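Asker: Each chain is listed here by its residues.
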Amino acid sequence: MFTIIKTRMVRLILAACFGVFTSAAQAATELTMYYPVAVGGPLTQVVDGIIADFMKENPDIKVNAIYAGNYNDARIKALAALSSGEPAQLSVMFSIDIYELIEQDAIVAFDDVVTTAEDRKWLDSFYPSLMENGRTGGKTWGIPFQRSTIVMYYNKDAFRAAGLDPEKPPATWDELAASAKKLTKADGSQWGLMIPSTGYPYWMFGALAMQNGQVLMNGAGNETYYDAPATVEALQFWKDLGAKHKVMPQGTIEWGTLRQNFLEGKTAIMWHSTGNLTTVKKSANFDFGVAMLPANKRRGTPTGGGNFYIFKQTSAEERTAAMKLIKYMTSPEVSAEWSIKTGYMGVSPAAYQTAKLQDYVKGFPYAAVARDQLEYATAELSTYETGRVRKALDDAIQAALTDAKTPAEALKEAQGTARRLLRAYQ
Amino acid sequence: MQSSNMMRHVYGWLLLTPAAILLITFTHYPTVATVYESLFSKGTSTRPSRFIGIENYELMLEDPIFWKVLVNNLWFALGTIPASIGLAIAMALLVNKALPGRSFLRLAYFTPTILPMIAVANIWLFFYSPDIGLIDQVLGLFGFSGHNWLGDPDTVLGAIIIMTIWKEAGFFMIFYLAALQHLPPELEEAAKLEGASRWYYFRRVVFPLLMPTTLFVLINAVLNSFKLVDHLFVLTKGGPDNASNLLLYYIYENAFSYFDTSYAATLTVVLLTMLALMALAQFFILDKRIHYR
Amino acid sequence: MIQAQNTPRKRSFADVLETFAAWFIAILWISPLAYAFWAAFHASEYAIHFDLFAPLTLDNFRQALDQAPFLRYGFNTFVLVSMLLVGQFVLCTLAAYAFARFEFAGSNIAFGLVLVQLMITPEILIVENYGTMANLGLVDTITGIGLPYMASAFGIFLLRQTFKSTPKELEEAARLEGCGMFGILWRVYIPLARPTYLAYGLVSISHHWNNFLWPLVITNSVETRPLTVGLGIFGAPESGVDWSIVSAATLLSVAPLLIAFLLFQRQFIQSFMHSGIK
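Protein chains in written order, with the working numbering: chain A, 1 to 426; chain B, 1001 to 1293; chain C, 2001 to 2278.
I should point out that these hints are in silico values taken from the structure, not numbers from a laboratory.
Source: prediction; values computed, not measured.
All residues carry an ideal CB built from backbone N, CA and C; glycine is no exception.
Mixed in with the good hints, there may be bad ones.
Not the full set, but computed from the structure, chain A residues with beta-carbon under 10 Å of chain C [to be verified]: (1) Ile66; (2) Asp73; (3) Ala78.
Extracted from the complex, chain A is given alone in its bound form:
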């Protein structure tokens, strides 16, 4: 009996030693990564699938991908993890968090991580407009992953019923107002157009401003142009859609229920993220179309979505592993698969040249609208103190739309707030 115990003990000790040795030999680099899901659907499963494939191809890297909620949540979690001693090595976060992250000294520029000439070229392999939000001070801080633009969804059946050509969606502001007027029914059962003004009003407004030839901030992140004449015009136009042309409900329009409103036929046209494309395609029981946003002085849309960031608190091995993961997840094949499953855009021209995405676009041409619109796209609103600076604009937009202030007053106030907040960063 004693001998049995002894042999068991010996075996146990041997096994432990062996285990230690083998695990030391296979010392896997462990990566923890936070990511947000900002569009509906079982996206966590898609991400898990991609990560699993990556780990199969790279058995010496173990990835722990944690779903963190929306963009706000992901940033909070990632930063909190940094200060709590259990840091993540990389994360997908809002493209516009860049200044905050730099100020917190949390991230490292990709220029400081890439070593080979090939990698340096890789930095330039993405769509330039998608890189705008990820670059400042001449360096690249974020690599595009789940990116989107705003597109115009429209109800072709409603167009036909109103006597409009369903293959010719409005291409200018005037055409938009005119078409929407025809599409608005007097009994209130159908509006012509809905642009959401809760949730991310500054994002929608970025499109209108750009269409009027005006950017909202500078490239260094320390100046805003909220009260430029063209900006005020853009807000006036948004307000007039509801107040003057009466094609849109007055007051604010709820972001979360907009898609439902469109699918229910409550509005014939909606401006929304391409991230909705797959869901709309599945659920629409009418013929619908997707088009680029209309132009005034030019076409325009902000980009949106999340980028990959690498944190500063990482070792050299972790950075190498993180680079591998990021390269994998933004590679043309994976990006194509991601785009098809989610409605986000492919992040590089190469992605759209894969057979997968080419076939998909052939079968569903609307999937390429966002890509085609990239030519006219601009960076999403992003500055230092980004949360507050953004909120100043959000509040101004809502104040103007609910008639609490005129667009000029509201934007002047917002610009004053922004200037005060950014003074320290000049």
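Here the structure of chain A is known, so what remains is to put chains B and C in place on it, guided by the hints.
Answerer: Frame of chain A, contents of chains B and C only:
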């Protein structure tokens, strides 16, 4: 119970110690720390925090959003507290009688209490949706046009108040129900014998006897009116243009979205002060008018 | 014996009115939950249209479970609430015992300080408490969610009251039988306070099952996230809400507590009615 004079002090404190440690760590210490932190500026890795005295408070007094938030909270309290308490008393009185279907009534009134506010908000988001939402659909049946309840700064606070009353009344009802069932039945008989009307009986006998419960419920209601911000995450995020923003939500935004923990601390000091004042007011003013048995 | 004679007819009309009012309010009150049930069991198209003969479906639940690990969230919540209950019972009993039966120096001031927590709950001090948790290394742990609540002023208050109203004779009797301090606590005070424990337990369970703000801030990962936070981040995607799935998710989150309430309803009310020796 006192074995010896000395020992009872020792034992008393020993028994209290575990709870005391936690209370000090998570209530008393943070309160002091908050006041302390409000005297410093926002710190980032590149620009560390420094002592700025009452500058944060000056900034706060100039912050229009702060004032809006404060006013909103006061309206919110005024809107929810009397109404939910009144409704709770009414419900308790109704359920206390042998009305048909009494258990169903009790269930219906109390159910909102066991739902988390976040779930409540999700459901009511549908109710308040313009045109397609339930309230607008019902109004449509009567010929009224739809309204953007949550998107209109004039109605959003009211909409949230109604939802909160719905959630809170049933919870308070239980306490009143318990108190009612402890009232000696002789009181009611005596009142009937004297020919008192039901309203008189209620006003002069029942309501004063319910005062201890009312005080207890009032404390809860006041606290909730400051604490309950869960629904803002789902419904309005404080909008439109801060029309529905509340103090605790603003604190959360400042601390966790803007990383300005010092300003958040400043706002928290205001919140603490208000809670302390309300607590004191309740204890002193109402304590005098309570009949204890 | 003089019988009070209110006119019978007037009486019963008031009764009918009351019954009607009670039922009207009850229907209003239950309709939001009823709506959640409706939307959860019907496909999205019917979430807004109330077609009585629309087909029932369990698909929404399947999708909700697909999109977020609600079962895991439920498990986390269960662990959290259980841990809290045990912690609260122990800590509050000891503290209440001290306040009720030991006149120790400074007990009044101490009690006053305890009552501060009735008003100043951990959520109010969310910023500092988060910092404390980070220092303790308890961020993103279930313990971290529960720890600030374990010493509950409400619990101490209730138990102190109950202990105070326990007749001293019982204590004397126990002492005569040779019980020490803890023996008396265990044999006399705790059993007699059972209705209080039950009532407090139910209140604590439902409060912490439904707590949102603090758990939101303190948890990051699926392994610690409770149902409320899971529901909160579930229902807020960039692309908007699907009522049926959100309702299904809501019901999943609420179901355990709702069922427990339906089972315990009588106990809960009864515990107020039979509240022991006064």
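Asker: For each hint, tell me whether it holds in the structure or not.
Answerer: Here is what the structure says about each hint:
no.: 1; hint: Ile66; in the structure: 5 Å, holds
no.: 2; hint: Asp73; in the structure: 6 Å, holds
no.: 3; hint: Ala78; in the structure: 9 Å, holds
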